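Take the given structure of chain A and dock chain B to it, following the hints.
Protein chains: 2
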Amino acid sequence: MTVTAAVDFARVNGGRFVDELKALLQIPSVSTAPEHAGDVRLAAEFVAAELRRIGMENVRLIETATAGHPGGHPLVYADWLHAAGKPTVLCYGHYDVQPAEPLDEWKSPPFEPTERDGNLYARGAVDDKGQMWMHVKALESLMAADGTLPVNVRVIVEGEEEVGGEGIAAFVREHGDALKADVALVSDTEMFAPELPTLCVGLRGMIYTEIEARGARTDLHSGMYGGAAPNPFVALAQVIAKLKDEDGRILIPGFYDAVQKPAEDELKAWKALPFDEEHYRETEVGSVALTGEPGFSVLERTWARPTLDVHGMPGGFIGTGAKTVIPAKALAKVSMRLVPDMSPAETFAKYKAYVESITPEGIQLEVRLIHSGDAIVVSTDNGYIRAATEALREVFGRETVFVRGGGSIPIVGDFVRELGIPTVMMGFGLPDDNLHAPNEKFHLANFHRGIESIVRFLGRV
Amino acid sequence: MTVTAAVDFARVNGGRFVDELKALLQIPSVSTAPEHAGDVRLAAEFVAAELRRIGMENVRLIETATAGHPGGHPLVYADWLHAAGKPTVLCYGHYDVQPAEPLDEWKSPPFEPTERDGNLYARGAVDDKGQMWMHVKALESLMAADGTLPVNVRVIVEGEEEVGGEGIAAFVREHGDALKADVALVSDTEMFAPELPTLCVGLRGMIYTEIEARGARTDLHSGMYGGAAPNPFVALAQVIAKLKDEDGRILIPGFYDAVQKPAEDELKAWKALPFDEEHYRETEVGSVALTGEPGFSVLERTWARPTLDVHGMPGGFIGTGAKTVIPAKALAKVSMRLVPDMSPAETFAKYKAYVESITPEGIQLEVRLIHSGDAIVVSTDNGYIRAATEALREVFGRETVFVRGGGSIPIVGDFVRELGIPTVMMGFGLPDDNLHAPNEKFHLANFHRGIESIVRFLGRV
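Same order as they appear, the protein sequences are chains A and B. Residues 0 to 460, numbered by numbering that gives the first Met the number 0, are exactly what the first sequence covers, in order. Residues 0 to 460, numbered by numbering that gives the first Met the number 0, are exactly what the second sequence covers, in order.
The shape of chain A in the complex, shown without the other chains:
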């Protein structure tokens, strides 16, 4: 009984697994920050060394930096392919993390992993170092139980998920054979509620853009030039106010043309989920009211409707006090979440054309695409999803719920398109884990349950 022995091994060694994760979390592998490139590579080497130690084979770093993609971070690859006649599972995760700013809002430093109340706090705790580490530890536990794995396994761990995943996308496109598998396993999503086993069967796509507004040639004094010189911030405000109306409806012509409505069954299942909008507003969001398109529930708005957000507006004077400058330029970081069947390229083209058409007088706008990813919906009618729900039932003693995620994991689309395989998105984060925000955490009980669930899933596939 490999699986039972592996589960026992994971229970006995759980404390060590957490200690190892802490060591990985201490490495500030912020993929968007050039100054952390060395840390990103260090994290890759850390993961590769552990895969080698637990008995995986062909472990290596695959460089992704090319002339067209300078500064690309390496992929970590490993496999074990000796389960003749059994399917091959492709385990995917990422070792890079979001920037930790604003630093002053962290209760403990983002790269000094700290346990409080059964949670492990650190940047990357749940997204995705902690969840990726569950895969590694599940493989170790199975391998430790009797020296083999119950299925063939390939592992691919990337270092650019938080910056668009260009390197892995190119690799999947060009070297798909090297990742040949029957199903992918991705643990980069969350459970719908504590204790509620959850599989994610849909993800929004995205386009992340910048609008740069240029007015005067140089910064000008607002006393002397105010009333004659164009103001890039006022211009960006006017543009943004025309991108989204006050009800949250996006005003880009044709934006909603390709949007697919979820099936009636799926909408009905969402209505049955334990979800209270007022409780969500109060405990998760904490704003005085929720926003978004009228006529859609919060779950529809965050899972099945496209949205537009502004993340920051660099430029001008942002210090304390007063500086009376009309800045020469200002930027808006604007992203849109897409749903099936919106094309990122077509959506960006519509957005760019519209923004250019509403350019305020005196201003020159440049609209840039930073990165993009397809939306995805996975069919629940396959043996891998069934194997996953059975594994989760054994661990949690409850039936699995199927949800969608509002976020984007572009690689899942690449797996469908380039490798022709479905993905099981089995995640163990919680709604209050503060992904991408200060005080990111991973509930440690879920770390251990996740390892056991993955062990059981691999045993059943």
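No lab work stands behind these hints, which were simulated from the structure alone. Owing to the predicted nature of the structure, the values given are computational and were not obtained by experimental measurement. Take every hint as true, because none was put in to throw you off.
Taking lysine-lysine and the BS3-like style, the derived pairs with C-alpha atoms no more than 25 Å apart in a straight line are:
1. B:LYS241 x A:LYS351
2. B:LYS349 x B:LYS260
3. A:LYS241 x B:LYS241
4. B:LYS328 x A:LYS106
5. B:LYS106 x A:LYS328
6. A:LYS328 x B:LYS328
7. B:LYS328 x A:LYS241
Here is chain B on its own, set in the frame of chain A:
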């Protein structure tokens, strides 16, 4: 002939005067930055020491820091009151400077004064250390010529002009007797064109504000919460787009109610000034088009019409690359320039009430006043203005033009209101001197002409 001897002294010592100014410009006396508080004091002491050295009396620093105004920077005071029966001139200047950011746009470092092509480049070169130093050097030259001054003189130099001048305003209000004079002389304005002697007879007032928008309790992931969580940047964009329409007209109810139109004579004189809007657009502003209210000339729009500008929007993610955050809060730094007879307090009240009335759903707004100042118009029909125009004619060989300034020098309003004295605004900056912007400069020929003009003005008063 005190005046002739003083002019000769200034010419002989001009090189030394510039060297001294360079030493003063090396002190980064950025009044808005708490970390530069020591530098601000150092600049005050530098000015006081020189006033003492040239023979001024009662030289002292006057502290302005109080419980209600912590961190206030000192005033520098000096006088020489032995010209019995002669009027008293109050020489005003400021030794503090604007922040130097963005640093990477300076061709030479902002606090390493550098001469290029007859100009002296440094933060504060013209605003106002260089122009304030003209006063000191004019007094030195007169004093050196025969050991006395032709009039009574008080000198007051502040260190908070760039942050609203609260300290000097309180001092003028509470200790007006200590500054008793017949006329004030302020050199903190510019010439309308090179070689064209200029007196400024009007200034816009201002209110500088911050709007803080708060949405969610903490930063949220835009994938997971986009479509439900309010976005403070989108909210601020919607508010700003409702503050000013695309023609540059301000939409705050009642905003224009008190605006005084300039007299027909003044408007006619402005039309006669050597000013070409297309040339101004191309050489000074450098934008593809000018903006502002239709139906008003550029000079009217920048001198006699109120305006609204946004200076920066702190918050969220401003690094390079992508971060998919819905920030919990964002700020907009918004200022308005006011014209006679707009009250700063009433204008702020109207603005605040309006902004609050258009608060987007899910957002909490806080509107804060950072500082404010009155608009001012000076009558040209007085002996001091005539003395100034005669002094300028002797130096430049041309008739003086009367202009207004778009900027704000709140102290000029305080001199009228609290001391009951008119101000002669005799400035020697040039339109391309980059006030408040990178590569601020002072044309050195104007520094020397300015000293001579002030010597001659003091000789005539």
